[in-house]
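Engineer: Those protein sequences? They're chains A and B, same order as listed.
Each residue of the first sequence is one higher than the one before, counting from 67 in our numbering.
Each residue of the second sequence is one higher than the one before, counting from 67 in our numbering.
Hints are supplied without guarantee of correctness; some may be wrong.
[Claimed, not checked] 20 angstroms max Cα-Cα, derived SDA-like pairs, lysine to any residue: (1) A/367 to B/91; (2) A/79 to B/174; (3) B/383 to A/367; (4) A/383 to B/98; (5) A/89 to B/385; (6) A/174 to B/98; (7) A/89 to B/391; (8) A/91 to B/387; (9) B/91 to A/174; (10) B/174 to A/150; (11) B/223 to B/174.
[Stated by the list, open to error] Short, incomplete list of chain A residues facing chain B, as computed with Cβ under 7 angstroms: (12) 76; (13) 88; (14) 111; (15) 291; (16) 368; (17) 370.
Everything labelled a hint here was simulated from the structure, so no lab data went into it.
Note that the Cβ used here is the ideal one computed from N, Cα and C, for glycine as well.
Protein chains: 2
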Amino acid sequence: MQKYVRRAVLDLKAYEVNEINCKIKLDANENVSREDGLNRYPDNLAKELITALSEKTGLRTSELIVGNGSSELIELVMKTFLEAGEYVVSLEPSFSMYRIFTTIYNGKYKGFQLKDNQYFDVDEFIEMINEMNVKLVILSNPNNPTATMISKEDIGKIVEKSDAIVVIDEAYIDFTSGSVIKWINKYKNLIVLRTFSKAFGLAGIRLGYLASDSNTLEFIKRVKSPYNVGTITQEIGLNALRDHHELEKNIEFIKSERTRVWKALDISGKEPIPSNANFILFKSKKGLYEFLINKDILVRKFEGNLENYLRVTIGTKEENDMFLSKIEEFEDEKN
Amino acid sequence: MQKYVRRAVLDLKAYEVNEINCKIKLDANENVSREDGLNRYPDNLAKELITALSEKTGLRTSELIVGNGSSELIELVMKTFLEAGEYVVSLEPSFSMYRIFTTIYNGKYKGFQLKDNQYFDVDEFIEMINEMNVKLVILSNPNNPTATMISKEDIGKIVEKSDAIVVIDEAYIDFTSGSVIKWINKYKNLIVLRTFSKAFGLAGIRLGYLASDSNTLEFIKRVKSPYNVGTITQEIGLNALRDHHELEKNIEFIKSERTRVWKALDISGKEPIPSNANFILFKSKKGLYEFLINKDILVRKFEGNLENYLRVTIGTKEENDMFLSKIEEFEDEKN
């Protein structure tokens, strides 16, 4: 694994957080004042949360780290591995932060075009990344904003047939199947990202986790800021993990609404792309985005190759009904 | 200001968060499930909190940004300005994360040695940074771990007589006077950092803010991750700002205890360095650190030039009494 790590990180002596426990704690320049305990720095290693994540995923605690949303985790990966000028490859279209982070971390970015914005040719992809000597592959799976999936078989091929570090961003994986998180034990060049922002419904707290081979993780930990995830965030994450039932009920609801919304969009001629996530990408006519805003409904628009598409998140039953009825209203007004 | 900004950042098109408000919000792939609102992403610009900080500091909202503790803010500064191989200078000794972040962001780090670990020669410092063509100066003021201050006069000299960006990390400034935060209007190369971890006693939530000229801040905002500070963190920060009285009472208490602990250490021959912060650096004999741990008291030890020193945080009256009595006990046992 070491061969992938940046020179600066190989030599880096990370900040050491003292894990000695004493009753009188006068080592960290903390304040004395608060009874809620928030005057103390959070647990640097988020041990309780990591233990709960270990139970949930079946991975070892040494294979997991938490961060402020997937954003911080993507940054940790780039800080650890990406030397200036090295290539990062993702899909086109995909989550735009991959390009932005690559630029910030001095890498070169290339988006591999999905055919018709949805079909993925794995052999062509592998050929490209090998020819380009790509350092990092980042695949949002299911992919945002298309909601399409790359199969486990294809991911296996990419990890095996390339010398890149392959990051699978599974932000939306709970709305489908096909997680490769268990494979981190098999592939040292595989890193998997997860978030509490989507299925767990906790976008407001900014919490995500990263799974990788424990040797890899030792290097990633070197570039992590001390105390990166706050105490309350750790607690809320822990509580959310305990409530399996609520999570599963919610996922089932979203999947069922997704089917309903997708069918309605299909019948309406919007050519929705089959969705594996909690959103749907569909063909839009000029003016629909603004029309919906006027009806107090905000969806997502894009530029470039996707300028004729809109992305809608699956909402409550009432929100979805309203969205679908306004779509029809727009059509009626146009005709 | 532009001349300081990294090439990659000058061209960077940052992630755009849509600030349109609609009643039905189906644009951000958020979940539908939670009544507490945490399913929504936080306010990307933390507008309410920034407004409150603007009132507190007397600065414009366009001159302020919040982050996950000072750590994220230091990283934002490096991401914006530091090209590979450029120099970052701080003091020796100072907060060790300055060196670590510099390494991660491919810079070269140099610590300017304080005479006897406390006295600062400003002219020598300016000569050095100009000779080295330093890009970033980061000064913890009061300085951690010495608790010493650089005067406003000296900071003015540094900002005026050098072509570096000067970051003043005022994490501990509330325990003394001498803030230069208002000077960001006068000096375009000045950046000031503040935190909620010390005087506000909120280390557990990870919240800090950065003040700079608004043009500078536009570039810094480009490298900030979207939704970087969570909703609850923003709320707790806002509430803390409203409670002036509690804050001031607490600061007065710490200052008064600081005087008491300092005098006791002085009488005991520990040569404590005069403190402007909520901690004191003092001379230690071999074995004292471990002796205190055995008595359930944790203080901070260091390596290198500071191996004969310990740093103690000002605690509650009872904690300080216990610390001082154990120090005496150690002396008695040695004699």
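Engineer: Against this structure, judge whether each hint is valid.
Structural biologist: Going through the hints against the structure:
1. Straight-line distance between C-alpha atoms of residue 367 of chain A and residue 91 of chain B comes to about 13 angstroms, which keeps the hinted pair within the 20 angstroms bound.
2. At most 20 angstroms may separate the alpha-carbon atoms for a hinted pair to count; residue 79 of chain A and residue 174 of chain B meet this at roughly 15 angstroms.
3. Taking the CA atoms of residue 383 of chain B and residue 367 of chain A, the gap is near 59 angstroms; set against the 20 angstroms cutoff, the hint is violated.
4. With a C-alpha separation of about 10 angstroms, the suggested pair residue 383 of chain A and residue 98 of chain B falls inside the 20 angstroms cut-off, and the hint holds.
5. As the CA atoms of residue 89 of chain A and residue 385 of chain B are separated by approximately 10 angstroms, the hinted pair is consistent with the 20 angstroms bound.
6. Straight-line distance between C-alpha atoms of residue 174 of chain A and residue 98 of chain B comes to about 37 angstroms, which puts the hinted pair past the 20 angstroms bound.
7. Restraint check for residue 89 of chain A and residue 391 of chain B: satisfied, since their Cα atoms lie roughly 16 angstroms apart, inside the 20 angstroms limit.
8. Straight-line distance between C-alpha atoms of residue 91 of chain A and residue 387 of chain B comes to about 13 angstroms, which keeps the hinted pair within the 20 angstroms bound.
9. Between the alpha carbons of residue 91 of chain B and residue 174 of chain A the distance comes to roughly 34 angstroms, so the proposed pair goes past 20 angstroms and is violated.
10. The straight-line distance between the Cα atoms of residue 174 of chain B and residue 150 of chain A is roughly 15 angstroms, inside the 20 angstroms bound, and the hint therefore holds.
11. Pair hint residue 223 of chain B plus residue 174 of chain B does not hold up; C-alpha atoms about 23 angstroms apart against a cutoff of 20 angstroms.
12. The restraint placing residue 76 of chain A at the interface with chain B is violated, with a minimum CB-CB distance near 11 angstroms, outside the 7 angstroms limit.
13. Taken as an interface hint, residue 88 of chain A checks out: its beta carbon lies about 4 angstroms from the nearest beta carbon of chain B, inside 7 angstroms.
14. For residue 111 of chain A, the shortest C-beta to C-beta distance to chain B is roughly 15 angstroms, which exceeds 7 angstroms, and the interface hint is violated.
15. Of the supplied interface hints, the one on residue 291 of chain A holds, with its beta-carbon coming within about 4 angstroms of a beta-carbon of chain B, less than 7 angstroms.
16. The restraint placing residue 368 of chain A at the interface with chain B is violated, with a minimum CB-CB distance near 11 angstroms, outside the 7 angstroms limit.
17. The closest approach between the C-beta of residue 370 of chain A and any C-beta of chain B is roughly 12 angstroms, which is over the 7 angstroms cut-off, so the hint fails.
In terms of the numbered hints stated before, the structure departs from hints 3, 6, 9, 11, 12, 14, 16, 17, listed from lowest to highest.
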